[in-house]
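Chemist: Next come the chains, spelled out residue by residue.
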Amino acid sequence: MTTQDNPNGRIFILPQAIKTVARHAALQSYGVISLAPSNIAESVGRFINKDMDYGIEVRSDEEGISLSLNLIIEYGLRIKTVADQVAESVKYNVEKTMGVPVKRVDVNVRGLRISNPD
Amino acid sequence: MNSKPITLPSEAERHKLIQSPLDGEGLKLLFEAGLAWLTTNQQYVNSLNVFPVPDGDTGTNMVLTMQAAIHEADNAHSTNVGEMARTFAQGALMGARGNSGVILSQIWRGFSRALDHYDTMDNELFMRALQEARSTAYKGVVRPVEGTILTVLKDMTSAAEEAVQKTSKLSEMLAVIVEAGNASVQRTPELLPILKQAGVVDSGGTGLYFIFDGMLRLIQGEPLDSSATLVKPIEELDLANTMETIEEGQDYEVVIDFAPKKDFSLESFYEGLSEIGTSIQVGEGDGIFRMHIHTALDKRYDPIAFTEKAGTVKKIMMENLQDQMKSRAAEEEKLKLEPVNPGDIAVVAVSPGLGLSKIFASLGVAAIVQGGQTMNPSVKELVAAFENLPTDKVIILPNNKNIILAAQNAAKVSVKQIRIIPTRNAPQGFAAMLRLMPDGTLDENEAAMLEAISEVHTGEITTATRSVEIDGVQVEKGQVIALFDGKLTDSGATLEEALEKLLQQVDMGSFERVTMFYGEGLTAATVNPLVDKVRRQYPKHEVEVYDGGQPHYQLIIAFE
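Those sequence lines, one after another, are chains A and B.
Here the first sequence is numbered in this note's numbering, starting from 1 and rising by one per residue.
Here the second sequence is numbered in this note's numbering, starting from 1001 and rising by one per residue.
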């Protein structure tokens, strides 16, 4: 959980809210086909809860938020560039909408989708 | 970094390009032309970059991706169009830089797949290649955002689908595609609100348009290496900047506003001007053209006579450059910079105006690089400023957010230990300088300076160059706007009104000192009455005013 002070009290931002922003940014990023469940609980959970934001882990401490994304990427793209771009876009969008610094974005490429075999 | 200069094909080669189906060599020529024209317009494309992350590198990324592709194609000696496209796409994939580069690589990948196994390409195949490029590019994203490079590609492909029915000439087909591309680029702000808010068109889409426009220009025999015939909006004419380097035979600067005649041809206008002088720029706004030229002493009246033939002259401005440069040079020499003790920390400051430079000099900077909002110094200029100083510990104060990146790049190419304090304006730069401990360590200095810049707040007053809405403030072009810590706070019709509104919005109670630096074009006589008024309104504050000499910003104000 991330907290900020304001003149009237405190603001709490729950990981779920950050996940939603990160997920949206990731899926808008070119080359990202989908998120992938990062653990067994998520793999199972997504069949029960269709709206579950799987594939994104959020941790936070005083220095800021750390995110870890599990992605499926389109085959035939330069993976490193796609991953760099996703990380940058997620960081930018989370910082812009939440106003909290993102100190780290890890991208795990869990698989590739081949829609255009060459 | 620069691509090799492209030589225009001879008449015969061009004729071949136009008449016969395209082979591998021909396709490569087209790609090279696309890259050359994109490179020429790279900075412009960079300047449009606000989506998805506003980092101003779209043009550069697309150029680097295209360069990688051409480089790969250089090694392929096939005249087979499919083979050429395949190596080209391969190169683009390997060299893809940035989001726009990845999409571009995907476009060429689809494009090349359609050409596979073909020796030559006719219009029918060209259209199919674009269709394949479109479908491949769209497959790479699950939530495509319209108003981007993808939209422009889609619209160009639709145009090609129609054109193929009507013409079998590549030149005619390309003309239709380019026209549709341009129209599509112009529509992007309607589709993507963030573009409209920032008052720009999509950068990636514009880059793609330039690539195809470059191909068309090659076929039509138009130049690719200079944006000479590109008409810019008047406000983009960087007239102040052309002053920096004047050469032999550039004695006078002549600027003429005119309303062109009906049969006005930009091409022949340029051609005529290029015989009279150099540094030619032509801009357009609301039907009025503005032309700018440097001429020799004996030719200083020629541009006027020449422009009169092209239209009705509205206004003429003429300036003796040599004289102006002399007085400027004389003033700059007066800047006394602090000599650096070997091994001590040297500070390099980027300063947009002479007055601000003098203050930096008095605070003890070791070197000053001229630069500001629209005149970013190059990495080379930055490196040159500190490379010969007798120390390997350097701190750079960029004093503008647009220059931070160049400073970082300068740090990368130098072997010295360099720290960049991300100062976004001159007051932050001054605050940082006040904490300089030349014989301390870089870490100590960096920490102290970072702390200092977080404590100073800055107001800026400038004139809006376009109508936009940002942070909920609606601004019309030409209005005077006030910014506080980089955020637009209010606007007004006059400098006085904008200043008053700015001070109302600022929590004056939390500051003790207000220091103003007035910009180029203003004088103490015009500013002093405003300052006196501020002093009366805020009697508890210390209000100081200095000649800053910076362009674009009428006032830069430090709040402490």
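Bear in mind the hints are in silico, worked out from the structure with no lab data behind them.
Quick reminder that beta carbons are idealized off the backbone N, C-alpha and C, glycines included.
Among the hints, erroneous ones may be present.
As the list claims (entries may be wrong) - Which residues of chain A face chain B? A few of them, derived with a C-beta cut under 8 Å, are:
#1 30
#2 32
#3 34
#4 74
#5 77
#6 88
#7 89
#8 112
#9 114
Chemist: If a hint holds in the structure, say so; if it does not, say that too.
Modeler: Okay, the hints, checked on the actual structure:
1. 30: Result: holds, 5 Å to nearest chain B Cβ.
2. 32: Hint on residue 32 (chain A): holds, closest Cβ of chain B at ~7 Å, below 8 Å.
3. 34: holds (7 Å)
4. 74: Interface hint status for residue 74 (chain A): holds (5 Å vs cutoff 8 Å).
5. 77: Holds, about 6 Å.
6. 88: holds (6 Å)
7. 89: Holds: closest Cβ of chain B sits about 5 Å from residue 89 (chain A), inside 8 Å.
8. 112: Because about 12 Å separates residue 112 (chain A) from the closest Cβ in chain B, which is outside the 8 Å limit, the hint is violated.
9. 114: violated (10 Å)
Taken one by one, the earlier hints fail for this structure at numbers 8 and 9, listed in ascending order.
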